[in-house]
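Participant: Chain by chain, the residues run as shown.
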Amino acid sequence: MNEVNICMFGPRGVGKTSLLTTMYEQFENDISNAKLQLTPDLESASILQERLADLKSLFATDEVFFQAGGLLATENVNIFNFGLGKLGEKPTLKLKFIDFPGRYLDSNADKDDKETVNKFVSQSQGVLIAIHAPALMEKQGKFNDDINRPMQIADFFKNNYTKDTIKQPRLIILAPIKCEKYIHNNSTDLIDNIKREYKRLLDLFNSEGLMDKITVVITPVQTTGNIVLGKVEVVKDTKDRNVPQFYFTKNNSCAVYAPKDSEQPLRYLLRFFLKLHLSSQENCWGIFSFIRTWLGLDKHLRDAITKFASACKRDKFFVVLQCERWL
Amino acid sequence: MNRKVYIQSAGFSPDQDYTWITYEGGLYKQEKPDYLYEMNYIVQSEAFSVVLACHKKNIILLVTGLKTKDRKDYHGRSIRNSIAWVSSYEEQKKFRELAAEIIIDSITEKKIWDYIDDAVKDAGNTWGYEVDSQKLIDLLDKEKVEIKNNIPVTYEEIRKKYCKNNRIAKNNPFRLKELACELIYCDDKIFGNILKRNSSIIIAVTDKKSKDKFIEKNVFRGLSNLVDSDDWIDLSQNKNNYILLILLLGIIIILFFVIKILRS
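Same order as they appear, the protein sequences are chains X and E. Under the numbering used here, think of the first position of the first sequence as 43, with each following residue one higher. Under the numbering used here, think of the first position of the second sequence as 1303, with each following residue one higher.
None of these hints come from the bench; they were simulated from the model. It should be emphasised that the depicted structure is a prediction, and the values quoted were computed from it without experimental measurement. Check before you lean on any hint, since a few could be wrong.
[Claimed, not checked] Derived DSBU-like pairs: lysine-lysine, alpha-carbon spacing no greater than 35 Å straight-line:
| no. | chain 1 | residue 1 | chain 2 | residue 2 |
| --- | --- | --- | --- | --- |
| 1 | X | 153 | E | 1437 |
| 2 | X | 281 | E | 1515 |
| 3 | E | 1369 | X | 138 |
| 4 | X | 156 | X | 341 |
| 5 | X | 156 | E | 1423 |
| 6 | X | 278 | E | 1371 |
| 7 | E | 1444 | X | 156 |
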């Protein structure tokens, strides 16, 4: 089976596994995808099922304010495998989401860990950077550096994405998570803050050697839909430093689990592959050679992907920051 | 005998992510046990898991996913401890007994979890936690009370049931007890043969891992909730059946040609 790698970065507790859970669930529930099917492997399915129950259980709480960091933090590299293909047939494409613990990007990270992450990133066609939206937006963003670590991410890509190492196009998805409050407010501060706080990273992608190869999009994801940030409390840690604690609250007492836009990263990813397929003469294939066999032979699959990918959102929250030619 | 213990835990703050450390000679050091990647490959390390492995003439016991009682991160989530004991091959019996004790403890009172929880505390250092390493090393020599109280079988009984082939099953209390029995009562010789391999996973107990991983890594005993059989599946028997089938096919083909030659 052809294989696609998507690396996932982001602080622990931001909700990367929840994003995959709701992505899968929204994909399954979207009747416009009648001709496509996404199937997690046994391990992934059982973890996602557990996470789905966690997400739904948040709505059962009687507490007004509660923390919503999920049950399990990732200690090691976690790989979630999905098969994608035509409905009722064996999947023809394996989507491999690789979730790295934040410490793999630390300057003092273990040599093996560094090599692992470098290897995966060099082989990945897509990168998803999950952003903890409350850390970015609350208290004038003063905890953003501690939690989202945009500088560390920029430094990592500075070492791994260069004119010489990036020969084929790549898709970078910046996905603010737990952003219900800011989307409901209908203000573009969320997007403006991403552009400002991730400027170093975005400048790197927009540098002369990379600008025509790296497509960057912002796709905010609401993994619960109806749970919003309620308050932020600042407490002292064991080193006497200020650390924020984020408390969430339900929109109203009858609020139910209703994720929004979780499948958008997947739509953009498939749109990106489709465009690469259609403009095949322009590239040397390299890590994208799977597209030729995957989409080249099956018109029905191509049509189904085209339909799914055409629903990529474009508005003030869903923004293509650069290199639109690959979408 | 050069015993070493590695601990993985996390602190409260965002920069105090899960990290493996050791404590020796009064100093903390960020350091992972050897063979960790291979051991983590066959378990769901976020959940309670036990791995007994050998690597480069050392025996390793890895226990992961030990939820702490009071320690939480800034998201309000309980922090989990993982411990790896490492020593030379000669200590395999003590390692088997500790593995058995921890397995039995997981389905009884979880006293060892509490004991380990007490040995790892929040601290104001880089990692956000400190550890009483000696307390953890002492576990290898402590009297194995849980086993005596909870394994009512004899050496002869387990000898009768013993299967030298690789076996896997769904993770349930019956199989866990049987596994603990094997670890306690089996010949040093039997385990010795497995341990003679350069690197090998002897046992793996976990929550969500597919049986394919156990088969791929040639695990001697594997328990996971994703194995669909409550009873042991004898993996070598499947392999033997496959070999028999190939042999049978080979004989049929040879017979076919022999008959053809005789007729002509």
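Participant: Between residue 281(X) and residue 1515(E), does the CA-CA distance stay at or below 35 Å?
Facilitator: Violated: residue 281(X) and residue 1515(E) sit about 41 Å apart, past 35 Å.
Participant: Need the status of pair residue 1369(E), residue 138(X): alpha-carbon distance at most 35 Å?
Facilitator: holds (29 Å)
Participant: Starting from residue 278(X), check that the Cα of residue 1371(E) is at most 35 Å away, please.
Facilitator: holds (20 Å)
Participant: Holds or violated: residue 153(X) and residue 1437(E), Cα atoms, limit 35 Å.
Facilitator: OK: residue 153(X) and residue 1437(E) at ~30 Å, within 35 Å.
Participant: Hey, residue 156(X) versus residue 1423(E), does the alpha-carbon distance stay inside 35 Å?
Facilitator: holds (28 Å)
Participant: Do the alpha carbons of residue 1444(E) and residue 156(X) lie within 35 Å of each other, as the hint requires?
Facilitator: violated (38 Å)
Participant: Are residue 156(X) and residue 341(X) close enough, with their CA atoms no more than 35 Å apart?
Facilitator: Distance of about 41 Å is beyond 35 Å: violated.
Hint compliance for this structure: hints 2, 4 and 7 are not met, and every other hint is.
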